[in-house]
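Peer 1: As given, the protein sequences belong to chains A and B, one line each in that order.
Numbered according to the numbering used here, the first sequence spans residues 1 to 608.
Numbered according to the numbering used here, the second sequence spans residues 1001 to 1307.
It is worth saying that the hints were derived from the structure and are not from the lab.
Remember, predicted model here, so these are calculated numbers, not experimental data.
Worth double-checking, as some hints may not be accurate.
Straight-line distance between alpha carbons at most 30 Å, and here's what the computed DSSO-like set of lysine-lysine pairs gives [to be verified]:
#	chain 1	residue 1	chain 2	residue 2
1	A	Lys87	B	Lys1120
2	A	Lys272	A	Lys77
3	B	Lys1127	A	Lys86
4	B	Lys1127	A	Lys68
5	A	Lys477	A	Lys272
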Amino acid sequence: MTEHAPILRIEDLSVEFGASRVIENLNLSVSPGKTTAIVGESGSGKSVTSLSVMRLAEMMGATYPSGKIIFEGTTGKTDLLALPQKKMRAIRGKDIAMIFQEPMTSLNPVFTIGDQIAESLILHEGMSKKDALKEGLRLLEMVRLPDAAQLLNRYPHQLSGGMRQRVMIAMALACRPKVLIADEPTTALDVTIQAQILTIIRDLQAELGMAVIFITHDMGVVAEVADDVVVMWKGKKVEEGPVKDLFANPKHPYTKTLLSAVPRLGAMAGEKFPKRFPVAVMDGDTPRIVGSEHIQNTAKYDAQPLLQVRDLVTRFDIKKGIFGGVTHRVHAVENVSFDIYRGETLALVGESGSGKSTIGRTIQQLQKATSGNITFDGRPFASMGKADQQRLRQEIQYIFQDPFASLDPRKKVGFSIAEPIHTHHLMDGTKQIKMRVDQLLERVGLTSAHADRYPHEFSGGQRQRICIARALASNPKLIIADEALSALDVSIQAQIINLFMELQEEHGLAYLFISHDMAVVEKMSHRVAVLYLGQVAELGSRQQVLENPSHPYTQRLLSAVPVVDPTRDVNRTMLDGEIPSPVRRVGDEPALVSYQEIAPGHLVANAV
Amino acid sequence: MAGFLIKRILQAAFVIVAVTLVVAFAVRLTGDPALMLSQGAGSITEEDLARIREALGVNKPFLVQYTDFFLGIFTLDFGRSFLGGTPVIDLIGNALPATLMLAFASMFVSIAVSIPLGIKAAVSRGKWADQFIRIISLIGLSFPNFWLAIMLVLLFSITLQWLPPSGMDGFASFLMPAITMGIILTATNVRLVRTSMLETMQSQYIMVARAKGLSESTVLYKHALRNCAIPLITYFGLQFGGLLGGIVVVERVFNWPGLGTLAFDAVGARDYPVLQAVITVLSMLIVGVNLLVDIAYGLIDPRIRTE
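Based on the provided sequences and hints, a complete structural model is requested.
Peer 2: Next comes the structure, spelled out in structure tokens:
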């Protein structure tokens, strides 16, 4: 088979924002029908690369001190960087199209789906509105959206994230582009929806013979979609090659650390307990190994459970009637029961709308339960007075997904960490508190000097460490970590996982670990509860649930996780359909599942 | 959308009832109109005062007075002025058009000027055009309206003698009051439009629109403006209330025969019927404009319409 000549070549590209150079002498190319993945962590310059190809980066203030971007169009070679914006507009959206990361905000809320798809066709293909809408219908069917004809008249807010991303793909492919740039197109989506979107992109690529530049930080996705991989680090290309070679034999130290940090689902098959692994981190230009292997046998199953949740129900009213009458309810949590023991990590996994965050918020008293009993350390929630509730807020701490939003930007981090100590009167004396704050900062891998800085001076990983220090400040017994690792780059993530496990061992902490990432769950949890539409579908030890998944939903969820191994063929039963909604009409109660214990402690919901 | 509208109309009706109740009560706290009317009439006995009160109807219990006033609204009967006995509705009928003309003209001018200026400032953020527009709007914001009014009169009526200093007499007399009201509104609105536009331009869908290859003007005026208008319309609606409040002062300075002047005189004379009628009409105007805003909101934003 003869290789196609590249359709797009980036030659010696450098990009600057003001005085800071974010991309340095980048070279890469992509051929028709092939996929080049650009991988790297946040700030590595991968998104700026794609926006430079589109010539959109300069609208954010970028300049190009050097380089060419050669595009082989129907009219011959063109250097996109040399084109005036006016001519670039004729290429943008027609020959080179782009899909963005955030499907929830990528569509204009005030125009119909039909109008937004038709717009490109009217602009580039000179179609009439009527013909453009007809073609729009065909495109929506092509991305396998059901009821495409009705969708044309719908508005973005009426669609789920997965549906919106498919609309985005339909929009990007409207003019049959020769190059498609996909910038983290599945990062914000649930795994089963991610699997659908990846399949659609792959199928359409084969059908249209497009070249695809796929930007992602997820090595599993890279292994699945890429032909060639370009690894970027600090604005430079550090390594490139065919995907199989690169995964099998990474050369640059950064690529090695990146690949070693990636959690791989199934990597811990046969292990009874979660395990800490050494992590390679880049120290300047050389990798350094941090931590050592350690089995996490910390759960105290012989004592009373720390937290007991029984028949928990949490519902939200949606007021929709003219006089404020309740017509619909969100059945966020329905009849959920589980225990957490001291020193144990229980993972709650599930997709959007599964109710996993609501459970965490209810335990933290951020949300009132509709019914059910929660007992913490032998004390039932229902019989607690104000003082007991306040104590509970000290003993249960919450760590949120977004470390950027959960620290007050106007307060020094030392203040934020000391706050729970003041609130709960855990210590007196400024000096003592300061010592405690310093000690906490050092414990999470920062230094006491960091106490006098503001949150914006820290990276995402450091901020999450600060949030952990703040949670530790009140000597909690239970920490609820709600997607606390999801926003972090993998190498940072691996370090924070180890930090969580070390702290568990030192303080006998119990974790309620809320996550959608099965591979991370496998690494750090003792037991796993799989949630589906507010009910537990399967509950058991890590080994039971992940090695012998017995509920169809667990199986589906696991099969959707991208495999970090390019040599394995993706053979996935096509995951169709949307994640169903937990919103129901008043009076239309969901059916409650019953459970069967297929092994000691391994509960599986019966189909209803 | 129908449900949304019915809800808003019911809310509006409730607001008007509440406002009339508060107004009728508050007006009666300003003092005894009988004393006011009898000032300078030499020796007045307590019986005389009682007779005046009876003639004016202010000796009846408050709830009876309020009910009369409230029911009168439906037949446009606001009673008669304590001063001179003119039917209040005639006074309002004369003053309302003058005020409306002034209010809508300044509102219209301010929106027509601030939208393009705000957009210009937003798209050239940090450049000289942005700085210039921001400085000008800051200067505009810094003027108290009565001071600006007096300065305009000094310059254009007294020094240059181009425009009449007061009264309502043709287009020329209209200019200074409208400019006074308009400048301050415009200064605020330019900033609002700029901020709202900047926020909208940060949206991902603007990037997507550009990635489609659309021209900058299509991106701005089709994709951004409608989204940016959603919060602006709310501001403009709320602003209308403030505008009517400010108009009292401006009407006073230019001796403009509107509701503001009418209300001002009525306060001085403790002329209950006129005062409560003016305030009721003003509040109905504000409620009505905000109802229109809600409708416009629904028309622009499908998220509201389709809920």
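Peer 1: State for each hint whether it applies.
Peer 2: Going down the list of hints, with the structure as the test:
1. Lys87(A) <-> Lys1120(B): Answer holds: Lys87(A) to Lys1120(B) is near 24 Å, not above 30 Å.
2. Lys272(A) <-> Lys77(A): Not satisfied, since the Cα-Cα distance of roughly 59 Å exceeds 30 Å.
3. Lys1127(B) <-> Lys86(A): Holds, at about 22 Å.
4. Lys1127(B) <-> Lys68(A): 29 Å, holds
5. Lys477(A) <-> Lys272(A): Holds: Lys477(A) and Lys272(A) sit about 24 Å apart, inside 30 Å.
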